[in-house]
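Sequence lines, in order, name chains R and S.
Counting with our numbering, you get residues 1 to 132 for the letters of the first sequence.
Counting with our numbering, you get residues 1 to 132 for the letters of the second sequence.
Hints in this document: simulated from the structure, not taken from any laboratory.
Keep in mind that a hint or two might mislead.
Stretch-level coverage of chain S by chain R, calculated; a stretch enters the list once three of its residues show a Cβ under 8 angstroms from a Cβ in chain R [as the list claims (entries may be wrong)]: (1) 32-38; (2) 48-60; (3) 108-118; (4) 124-131.
C-beta atoms are modelled at their ideal positions from N, C-alpha and C, and glycine is treated no differently.
In case you want the letters, here they are:
2 protein chains.
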Amino acid sequence: MSDNKKKTQFLTEVELEFMTRLWELGQATVRDVQDALAPAKKLAYTSAATILRILEQKGFVTSTKLGKTFIYQATLSKDTYQSRSLKNLSEKLFDNTPAALVARLVDDYDLTEETLGEIRALIDKRLRDDKR
Amino acid sequence: MSDNKKKTQFLTEVELEFMTRLWELGQATVRDVQDALAPAKKLAYTSAATILRILEQKGFVTSTKLGKTFIYQATLSKDTYQSRSLKNLSEKLFDNTPAALVARLVDDYDLTEETLGEIRALIDKRLRDDKR
DNA sequence: GGAGAATTACGAAGGTCTTCGTAGAAAGGG
DNA sequence: CCCTTTCTACGAAGACCTTCGTAATTCTCC
């Protein structure tokens, strides 16, 4: 009688859009989230409510009732989901070799010297910290 | 009368598995690909054939007939797909800020000093090249 | 040339995703 | 108290995904 749900690790397209809004808003009602959707991604109010209900079923958000209205909040943090996604991409597409991932990134993007400098500073900091 | 197909930019789970095999094999028959699948991902022969047919419909591979057998080859390169995926991840989850993506990466992974060094070398090379 | 093996073509079944409408409950102001 | 507005719950429709079986085709080689 165990909970045999194999949890979905990842968000679908629309779910990600909603989580992004929730991450920005912190707490939000269905109405808040619907209003915050980019014009190109507007959905009917009931669609928005459905997505949030599904997100709650899947454990990505929780809700508390205030009056007759639910207030939603993300349980999955953006940082955590960034990590999870990067890890997945690295595994599935870069032979689990983060350096290869960065290589592709710096090759593809027309990164400004400034951005490159930032990245370099990150690496240096990490190298210094590790030394300790 | 234009070709109104809105092409799917991205591979599904199973499609990615198959493309990965094709990228490794170069050219391959249904049988080859099926044999190359990881044990945990084995599929019936006809399932493998179906996936390859779908990949061809979607334009990710081409086939040529040799005798009675199709030989498949990727048209989408792994490099291209890596770029596309990274770009998508950066847009959707890192506010289009590649430096933030790298920051998360170096924070999450227990990168060895060696790996960090490799990455740093990549950045330095790019910085030097850009200077020219 | 016909039996047997391998291959391709197709469709069905079951699952998930996305979107929305309808129905009913809750709230609150006149 | 009841009308209107706002909200939740639910189910349906259509799309796509995944997997496979069956049927038809092709090849081989005795």
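Now for the hints, and whether the structure bears them out:
1. 32-38: violated (count 0)
2. 48-60: That given contact is violated, which follows from only 0 residues of the segment 48-60 of chain S lying within Cβ reach (below 8 angstroms) of chain R.
3. 108-118: Per the Cβ count (8), the hint holds.
4. 124-131: holds (count 4)
Consistency note: the structure conflicts with the earlier hints numbered 1, 2.
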